[in-house]
Amino acid sequence: MDHEQLEESLSLYALGTLEPDSAHEVESHLASGCPHCDALLRQYQGAAGMLPYALPLTAPPAELKAKIIRAITGRNDPVDVPATTATLILPPTTSETPPAKMIIPPPPPSLAPRPAASQTVTESFDKSAPLAPAPPQIRRRTASWRDRPAGQSRALAASLAGLLLGIGGYAYYLYAMIEDERAANVADRTALAKANLKVSDLERLLDERQRNLSKATLELNRAVQALGTTHKLLAKHQEQIEVLQASRLGKPAEDIARIFSSPYARMATLNGTGMAKEAYAMVFMEPELRRGFFYANNLPALPAGKTYQLWIITDTPKPVSAGVFSLDRGRKGRGILQNIPDVAKIKQFAVSLEPAGGLPQPTGAVYLAGNL
Amino acid sequence: MDTPIPQSSSTVEPDLVARVAGGDQTAFEQLYEQSSSLLFTLVSRIVGTEGDAADLLQEVYLEVWRKASNYDRARGTPMAWLVTLARSRAIDRVRALGSRGKGVTASLDDTPASDLIASNADAMEIHAANERQALVWAALKALPPVQRQALELAYYEGLTHAEISGRLNVPLGTIKTRIRLAMEKLRDGLQPLWEEELGLTE
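Chain order of the listed sequences is A and B. For the record, in the first sequence the residue sitting at position 301 is 301 according to my numbering, with numbers rising by one throughout. For the record, in the second sequence the residue sitting at position 47 is 47 according to my numbering, with numbers rising by one throughout.
Hints were generated in silico from the structure; no laboratory data involved. Possibly wrong hints are sitting among the right ones.
For lysine-lysine, the following BS3-like pairs were computed, each having C-alpha atoms within a straight-line distance of at most 30 Å [what the hints assert, rightly or not]: (1) A:Lys345 / A:Lys277; (2) A:Lys306 / B:Lys67; (3) B:Lys185 / A:Lys277; (4) A:Lys277 / B:Lys141; (5) A:Lys345 / B:Lys67; (6) B:Lys141 / A:Lys347; (7) A:Lys67 / B:Lys67; (8) B:Lys141 / B:Lys185; (9) A:Lys215 / A:Lys198; (10) A:Lys347 / A:Lys332; (11) B:Lys141 / A:Lys332; (12) A:Lys332 / A:Lys318; (13) A:Lys277 / A:Lys332; (14) A:Lys347 / B:Lys185; (15) A:Lys65 / B:Lys141; (16) A:Lys318 / A:Lys345; (17) B:Lys185 / A:Lys332; (18) A:Lys232 / A:Lys215.
Which bits of chain B does chain A cover? Going by a derived footprint, with three or more residues having C-beta under 8 Å, they are [what the hints assert, rightly or not]: (19) 60-69; (20) 78-88; (21) 165-172; (22) 182-190.
Keep in mind it's a predicted model, so treat the numbers as computed, not measured. Where is the CB? At the ideal position from N, CA and C, for every residue including glycine.
In isolation and in its complexed conformation, chain A is listed as follows (with noise of 0.2 Å):
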């Protein structure tokens, strides 16, 4: 094949259905790198993905889903989460990111009593440990009677000797000491209070921790409560947002729908004239509803000013206007049709252009036009 021959066989080659030796040498052509082939080819495959959306569309099966997923995971279970569910929770849009973000802050201000109640609690166990050293004191005491039986014979030695001086000093020695003995007794009891005091004033301040502890265990659980809400608030904002986004969506969509689906649509095709030799156009209308679509393609760009007007030519003598319209950046241009005449008195479609704002009447070049 010569280049030229490669040429036309690009959009034969886009289709698939180009024969296996025909194809190989097409593929070896692009593979050399010929960019004028290779953005041909891609404009006639896009053109080619386009073609099965001219067909009534069916949704497969229900299950198919839920057989693949099973399939691509190896997993026996019925598919957890459909993608749906997770949009909900995880609003997809951007402006919903910062309520979710502002959301989620609260719960360390509300969590933060418990870090904070655990942390006294730790260091109220800090605090006894100067507390500890209390009993070694009383150990100290014990100690002392245990030395008694040397200081014993040193006092029997002492009171035989007093035997001898009389009764009363032996008296004396005794009242001495036991008045000693009365005194380290007190002094044991005063530890011993003062060392249960500090085991109350402990008991009390772990009663006292342990009670904020559970406070703060319930305002935790209140805060997770809330959140939970706020996430189910938040599900059903964003789902009021979609239904709001669809209602606004859905209007122009609902016509559209509602001109193809009916039995009585009648189309009209409008050719370029010789002033746009390229463009073409269509006019989808529903009789009942006298409403129609409209689109035309490949309109030369407007100039500053200017707008497309189309017209409805009626047997009455004068064109009825049926609005104006502007393209986009691929040089279409749309529009709803209202309020359309009586379409069995209908004869002739065309567009021209005009002033911006449109006119009563065509005064300007007439760029597309067609007979129904």
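Given the coordinates of chain A, assemble chain B onto it according to the supplied hints.
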């Protein structure tokens, strides 16, 4: 006329295919939601029965899951890639079985405009796909009948040029010319649609 028509949104984003290639299952489910009706419609049309179409579609999606990294954004829209893959698997199947889809000679003329709005499709999908469906349908309708017939037999039925030539009793060269001319017109008419999908006109 002053009411703006929303831009079609139910297309597959190239980034979504990249996520599928990375093994993202949620992305894969999303891709399935966005493309399965179109692919099922096409595959059913080619293989003839919906049962066979469902089996075949499962194979196609498993291949998509394994080979998503093969998709090259520079070569076209994700939908065009999916459509090409599904269509070639469907044609392979039909050729292997030596069977043809029913209604081989059925043309879009047999498809009333009302059928363009599938009753069982998701409402949002209808909104988004509606305009595109209408425009592609209208672009095909605007072709000269002999060109459209040849193109439909090649594309929707997967017939070879020789098969079409034999079926219509028209020389092979004429069939090729008819399909080529039809494709040239569609390329010009539909370019804004797929360019929009690739975000080239944004």
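Against the structure, the hints come out as follows:
no.: 1; hint: A:Lys345 / A:Lys277; verdict: 28 Å, holds
no.: 2; hint: A:Lys306 / B:Lys67; verdict: 50 Å, violated
no.: 3; hint: B:Lys185 / A:Lys277; verdict: 13 Å, holds
no.: 4; hint: A:Lys277 / B:Lys141; verdict: 19 Å, holds
no.: 5; hint: A:Lys345 / B:Lys67; verdict: 56 Å, violated
no.: 6; hint: B:Lys141 / A:Lys347; verdict: 20 Å, holds
no.: 7; hint: A:Lys67 / B:Lys67; verdict: 19 Å, holds
no.: 8; hint: B:Lys141 / B:Lys185; verdict: 12 Å, holds
no.: 9; hint: A:Lys215 / A:Lys198; verdict: 25 Å, holds
no.: 10; hint: A:Lys347 / A:Lys332; verdict: 24 Å, holds
no.: 11; hint: B:Lys141 / A:Lys332; verdict: 18 Å, holds
no.: 12; hint: A:Lys332 / A:Lys318; verdict: 27 Å, holds
no.: 13; hint: A:Lys277 / A:Lys332; verdict: 15 Å, holds
no.: 14; hint: A:Lys347 / B:Lys185; verdict: 27 Å, holds
no.: 15; hint: A:Lys65 / B:Lys141; verdict: 33 Å, violated
no.: 16; hint: A:Lys318 / A:Lys345; verdict: 13 Å, holds
no.: 17; hint: B:Lys185 / A:Lys332; verdict: 16 Å, holds
no.: 18; hint: A:Lys232 / A:Lys215; verdict: 26 Å, holds
no.: 19; hint: 60-69; verdict: holds (count 3)
no.: 20; hint: 78-88; verdict: holds (count 7)
no.: 21; hint: 165-172; verdict: violated (count 0)
no.: 22; hint: 182-190; verdict: holds (count 7)
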